[in-house]
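Number of protein chains: 2
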Amino acid sequence: MASRLRVLVIGGVACGPKTASRLKRLLPDADVTMIEKGAIVSYGACGLPYYVEGLFPDVNMLTETPVGVSRTPIFFEKAKGFRVLTRTEALRIDSRGKTIRVRDLDTHGENDMPYDKLVIATGGSPLRPPIDGIDLNNVWYVRELQDAASLVESIEKLGLRKAVLIGAGYINMEMAEALVKKGLDVTVVEMFDQIMPQFLDPDMAMLVQKHLQAKGVRLALGEAVTAITGNGKVESIKTDKQAIPADLAIVAVGVRPNDRLARDAGLLCAPKGGIVINSYCQTSDPHIYAGGDCVVNHYVHPITGAPLYVPLGSTANKHGRTIANHIAGLTSPFCGITGTGVCKVFDFTVGRTGMSERLAQELNLDVETAVWSGPDMPHYLPGSKPLIIKMVASKRYRKLLGVQIVGMGDGSKRLDVAASAIFFGATLDQIGAIDLGYAPPYSPPIDPLATTAHVLLNKMNGIAKGIPPLAAKQIMDQQKDVILLDVRTPKEYDEMRLPDDRVVHIPLGALRERIQDLPKDRDILAFCKVSMRGYEAQRILNAAGFERVWFIEGGLVAWPFNVWTKN
Amino acid sequence: MASRLRVLVIGGVACGPKTASRLKRLLPDADVTMIEKGAIVSYGACGLPYYVEGLFPDVNMLTETPVGVSRTPIFFEKAKGFRVLTRTEALRIDSRGKTIRVRDLDTHGENDMPYDKLVIATGGSPLRPPIDGIDLNNVWYVRELQDAASLVESIEKLGLRKAVLIGAGYINMEMAEALVKKGLDVTVVEMFDQIMPQFLDPDMAMLVQKHLQAKGVRLALGEAVTAITGNGKVESIKTDKQAIPADLAIVAVGVRPNDRLARDAGLLCAPKGGIVINSYCQTSDPHIYAGGDCVVNHYVHPITGAPLYVPLGSTANKHGRTIANHIAGLTSPFCGITGTGVCKVFDFTVGRTGMSERLAQELNLDVETAVWSGPDMPHYLPGSKPLIIKMVASKRYRKLLGVQIVGMGDGSKRLDVAASAIFFGATLDQIGAIDLGYAPPYSPPIDPLATTAHVLLNKMNGIAKGIPPLAAKQIMDQQKDVILLDVRTPKEYDEMRLPDDRVVHIPLGALRERIQDLPKDRDILAFCKVSMRGYEAQRILNAAGFERVWFIEGGLVAWPFNVWTKN
Chain A
1 MASRLRVLVI GGVACGPKTA SRLKRLLPDA DVTMIEKGAI VSYGACGLPY YVEGLFPDVN
61 MLTETPVGVS RTPIFFEKAK GFRVLTRTEA LRIDSRGKTI RVRDLDTHGE NDMPYDKLVI
121 ATGGSPLRPP IDGIDLNNVW YVRELQDAAS LVESIEKLGL RKAVLIGAGY INMEMAEALV
181 KKGLDVTVVE MFDQIMPQFL DPDMAMLVQK HLQAKGVRLA LGEAVTAITG NGKVESIKTD
241 KQAIPADLAI VAVGVRPNDR LARDAGLLCA PKGGIVINSY CQTSDPHIYA GGDCVVNHYV
301 HPITGAPLYV PLGSTANKHG RTIANHIAGL TSPFCGITGT GVCKVFDFTV GRTGMSERLA
361 QELNLDVETA VWSGPDMPHY LPGSKPLIIK MVASKRYRKL LGVQIVGMGD GSKRLDVAAS
421 AIFFGATLDQ IGAIDLGYAP PYSPPIDPLA TTAHVLLNKM NGIAKGIPPL AAKQIMDQQK
481 DVILLDVRTP KEYDEMRLPD DRVVHIPLGA LRERIQDLPK DRDILAFCKV SMRGYEAQRI
541 LNAAGFERVW FIEGGLVAWP FNVWTKN
Chain B
1 MASRLRVLVI GGVACGPKTA SRLKRLLPDA DVTMIEKGAI VSYGACGLPY YVEGLFPDVN
61 MLTETPVGVS RTPIFFEKAK GFRVLTRTEA LRIDSRGKTI RVRDLDTHGE NDMPYDKLVI
121 ATGGSPLRPP IDGIDLNNVW YVRELQDAAS LVESIEKLGL RKAVLIGAGY INMEMAEALV
181 KKGLDVTVVE MFDQIMPQFL DPDMAMLVQK HLQAKGVRLA LGEAVTAITG NGKVESIKTD
241 KQAIPADLAI VAVGVRPNDR LARDAGLLCA PKGGIVINSY CQTSDPHIYA GGDCVVNHYV
301 HPITGAPLYV PLGSTANKHG RTIANHIAGL TSPFCGITGT GVCKVFDFTV GRTGMSERLA
361 QELNLDVETA VWSGPDMPHY LPGSKPLIIK MVASKRYRKL LGVQIVGMGD GSKRLDVAAS
421 AIFFGATLDQ IGAIDLGYAP PYSPPIDPLA TTAHVLLNKM NGIAKGIPPL AAKQIMDQQK
481 DVILLDVRTP KEYDEMRLPD DRVVHIPLGA LRERIQDLPK DRDILAFCKV SMRGYEAQRI
541 LNAAGFERVW FIEGGLVAWP FNVWTKN
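Those sequence lines, one after another, are chains A and B. FYI, the numbering for the first sequence is 1 to 567, going by the numbering used here. FYI, the numbering for the second sequence is 1 to 567, going by the numbering used here.
In isolation and in its complexed conformation, chain A is listed as follows:
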């Protein structure tokens, strides 16, 4: 009998088990072993905040298959046909001799394991900020099963009440919701002056901040944590501006790729960390593959293609499939990611795909943007909810570069369509033309994503003169005599208003008749609830010879500053 292909997989969380399972389906004769440093394999780490929130009763459900079978080493051996060694650490790779040195963490015994193909799926680790008190009790990272289990247990047993979340990335957004729903008092501290700084542009972040505050979350933005203090356990979080009383802290300030094994073996890694792979997930040694949170991904885009470190379970699974396919001789390249992410923040869906405006500016790209707001289905249906969409496109190619979506409406669907559109290099015209499913429970006749593309096209064609909310605010702050033209109905005006005495209220239907009330020698910013009518007003005024007219994009729904409301 010919010798069997020996495949070693280092890491047993997401990419590792996916690789090993598929490989055994493709090559039943292969000799596949997966080693894992921890005691538990193949768990859904992304589910931890939902366990903390109490949406399911047992954290071990994250290690189970959908029908409740626990994914133990025995499960993998019996059902999937490969060997799993837990509590086993890979110490180093001898790529010339094609062996790895491993240590049994219980017996401390070491030995060498030979391979024909090696898969590095060592994942990522939470960044630990080098501040005093980081090792105090009641400081958690929400990364592994036992973290979440001990957090929940401590909250209950010790009666912890005051949580400070350090870092305002998506993990702490999910944790903020989980802890508020458990009745805790929550403050989020973020060094940047907005939440989700790697993820959202400031205008979109501010809308999520409003929502968080409405849900009772306190935000300390633009504040650096300098120390955690307390007598053995957390008592206070010190920032450069204040001291926040706390009995627990959750640290989520980023993840770094676990690339040490690869670096030590001389494999190519990115300067800021992360193993560099090709489209088949091969490292610079073709017999060694890597995938999951330990690698940097290519950024798939018609215009730019920088490498990107985005650790996500979805990408890890794609890597696993790609690696197994390539080892088995099926070539299905994994071309990269488009930087898509989505996060539930209380009643908001918050998503981004492709480039933010900020990133596009850093890359010196000539972009146009549009902010749109409106309902996710026809207004007459009771389930209709608002969405705010920001779109970034290349001026020269008229191609979509990025989309950000926030709001209570169904943003996840539009995000995935946008991610697909970017993947396929869509122009804005194409986005308006896709034959999306239409029925009232699912969408307005023109989908919000198409409408946003239309606004952006109208801007590029010089028809719509939209001004983004932050730029409008800047004009309001700088120009004393600016006219804020509210073209909503009297009923709407009665219920909610921009709190500014420069507001002139003329309902759109009366604008043509009252046009002489407005001066041509002052800047006019028109707006309504969502700014469809604001745009109409701009066109009507343009036609009457007014040149200094813009509409505030997204209207009051997308206005990130204060609004006066009747109740």
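The hints are simulated quantities; they were obtained by calculation from the structure and are not laboratory data.
Since the list gives no way to pick one copy over another, a pair counts as held whenever it fits inside one copy or between any two copies.
Cut-off 27 Å, straight-line C-alpha distance, at most; resulting in silico cross-link-like pairs (BS3-like, lysine-lysine):
| id | residue 1 | residue 2 |
| --- | --- | --- |
| 1 | Lys182 | Lys385 |
| 2 | Lys385 | Lys181 |
| 3 | Lys238 | Lys215 |
| 4 | Lys157 | Lys215 |
| 5 | Lys78 | Lys465 |
| 6 | Lys215 | Lys566 |
Could you slot chain B onto chain A? The hints should help.
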């Protein structure tokens, strides 16, 4: 002053108002008039079933803007700047003289209106089957506002209880739900032997049929209605098989395009009806445009491009934008549709985009299909719900041709991604590679659409030997000695089973040990709940030298026949 461009728009429901509104934004000086035969303009006809269901209190909300302003002729004149003539019928077009003859339906006066550009947006009309009794009282078409208003009023005032819905297309699916929720007794009669025959393949239709029946809807499939009988009003619906007592009937057996004006003017129309347009919505007379339910669309597809009559409000709006743009000199071609449709049927989302398997076969295309079932988000979240996806792809090009989705899970999102993928000519590998948004409240790490594409690729690569449910049933009916290998856990087996004494139950984890219990000389159909494990079983048996093994695609969740359950 130069003479203003005169644009006449015939038809005031969807495409008409969209065209006129946008045109006035693009060309404020244009002289735009919209004429409409009915008394009401610009209403959301797609919302009628939801009014009948009682989701909103006043049918006139369908004529209002999202902020409650009624879209009357005065509204259009004041806010949008164009003239609207209701109760005005276009009698004929003189394309040489560039005038239309119109009649005032109140005064019966006639006159000629000149145009530079004409837009035909005359919509569609419900087909009226030529059967006895079709004109009896209490027979409705749900097409116009007054239809739905009088239906709801009659149900309440006359105490109507027994509804027979003639035709099982998407309108009557929505009406079935609406009327059951109003407490009526509902029977759907359909000439074809499945519901939604133009929309779904039989295997997918059967799953929706099961759901309808579970909700108390009676189905009379494969029955032709021969007459409606009653003394002045509906008392019974006669089919070729039975007489069904009824006190109301709703007829929705299709829509035909209102193309008479165009035909009489000598414009090119499709043989089966519908005005033929180019990518700018121009008819065969370049000064005459057409859009909405009166035209046939191009079918955008990398492989086939037949014309298609799919009357939908979403497409009508795209036509309107395209027409206005072209008249104003902005060229943004509308390349066509991909046959996307979505429909809420009680707790199910039912959607299709692209080609069904049946259509692909009619076109003699060499296709492969896969049926997949599974949860729409991780199983540990309480909101997780099942989806069943069927995918049709070209064998030669490995490109996606069509997707059908049914189930309680979020099918609308996957449908829109699939519609985008087909629009961009995606291969199956690309569908697996799109960077879709992942977080537990929105998706499993590998999106259902990607997983279905993977199953299809595995089939094409000869790794997965899936057999679709209907084909499996055929084998079960024809081969007495087939083995039905259930590889689920004992707990699952205890709760639900295939009611067939040829079932052999061996949990997947025990299969390698008990492999000698199975014969190699008989066909084996392996299955589980969703058939991931069924597929694993097939691979394990293949590796052990079994050649006659298939797995039943979609498992018990997608099984359209009876299943035994404990309770």
